[in-house]
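**Student:** On the provided structure of chain A, position chain B as indicated by the hints.
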Amino acid sequence: MLLAGGAAYALGAAATRAFTLPADVVTAIPIVALAVLVVVRWPWRPQPLVLPLPETRDSGTPPRSGHPFRAWAVLFAVVVAWELVEYLASGSRGEHPTLSSIADAVDRSYVLKAAVFFGWLCLGACILRRGARALPGAEGSTRPTGSTGPAEDL
Amino acid sequence: MIAAVSYAVWVVLGVCALGLWARSRSSQASVARPAVVVERLATGPLLRILLVLAWMWAGWHLFAR
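One line per chain: the protein sequences are A and B, in this order.
Numbered by this note's numbering, the letters in the first sequence go through residues 3 to 156 in order.
Numbered by this note's numbering, the letters in the second sequence go through residues 64 to 128 in order.
In case anyone wonders, no lab produced these hints; they're calculated from the structure.
Virtual Cβ for every residue (Gly too), placed ideally from N, Cα, C.
Hints may contain errors.
[What the hints assert, rightly or not] Stretch-level coverage of chain A by chain B, calculated; a stretch enters the list once three of its residues show a Cβ under 8 Å from a Cβ in chain B: (1) 6 to 13; (2) 33 to 42; (3) 71 to 83.
[As the list claims (entries may be wrong)] Simulated restraints, written as ranges between beta carbons of each label pair: (4) Gln49(A) to Leu76(B): 15 to 21 Å; (5) Gln49(A) to Ala71(B): 38 to 44 Å; (6) Ala92(B) to Thr22(A): 16 to 22 Å.
Excised from the complex, chain B in its bound form:
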């Protein structure tokens, strides 16, 4: 039961992400597209460093460890 609730929350969060992505693609979107979010992060003086480090850590954690 606990696991079902946990997985359900993850599914809801995934659906929310897909919903935001779909909403960002409409012509009058008030939500930035994912690539624009990446561009905003990649052009911030500090954020871009954190973004690259996060990408590196994610790859190492997922595939090497």
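Chain A with its partners taken away, still in its complex shape:
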């Protein structure tokens, strides 16, 4: 039901044009909604998620190496660095595309824009739900109805 509603909303939002009042309104509604919901549903004092490494999780043997978030952090850093290189490079945006200019090209297609908007809504819902799981001193007992646990993924 929520997915269908989100998809319908995204289809409607994709029909708007940037720099117009309708686009501002349809974009502002989810932003305000998430702001309200995180204040209402998120704990004031969260406990950061700590993951056991795979080896200790399953067999109790010492961890091999690495950190489960390191690869993602490195990739994020490289993306940010390349975005800055492209943004600051002299020359046209066509020669040095940034994520924004690529997104502009994607937004010219109604279907792609609707898909990107839907993905943005889904990410917001994921952020809200994941953040609502962490209440101090009550691990595992604070999941909202309908969630299935840490193994659930995107």
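**Tutor:** Just chain B, lined up with the frame of chain A:
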């Protein structure tokens, strides 16, 4: 030529992201799944604020501006 190199780098970065996602789904994965990464960010006292602000900014920048 310059544009081709730029787009190629973006494609490589996208492929790397897909590769990490695929690797995170194996049973003995040493890489966290994307949803777990989001959960880690959303449960950090400061990170969760930055995460929400980043989501808001991304939406406004992409669709409204």
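**Student:** Are the hints correct? Go through all of them and say.
**Tutor:** Hint-by-hint comparison with the structure:
| no. | hint | verdict |
| --- | --- | --- |
| 1 | 6 to 13 | violated (count 0) |
| 2 | 33 to 42 | holds (count 4) |
| 3 | 71 to 83 | holds (count 6) |
| 4 | Gln49(A) to Leu76(B): 15 to 21 Å | 32 Å, violated |
| 5 | Gln49(A) to Ala71(B): 38 to 44 Å | 42 Å, holds |
| 6 | Ala92(B) to Thr22(A): 16 to 22 Å | 44 Å, violated |
This entry does not satisfy hints 1, 4 and 6, going by the numbered hints stated previously.
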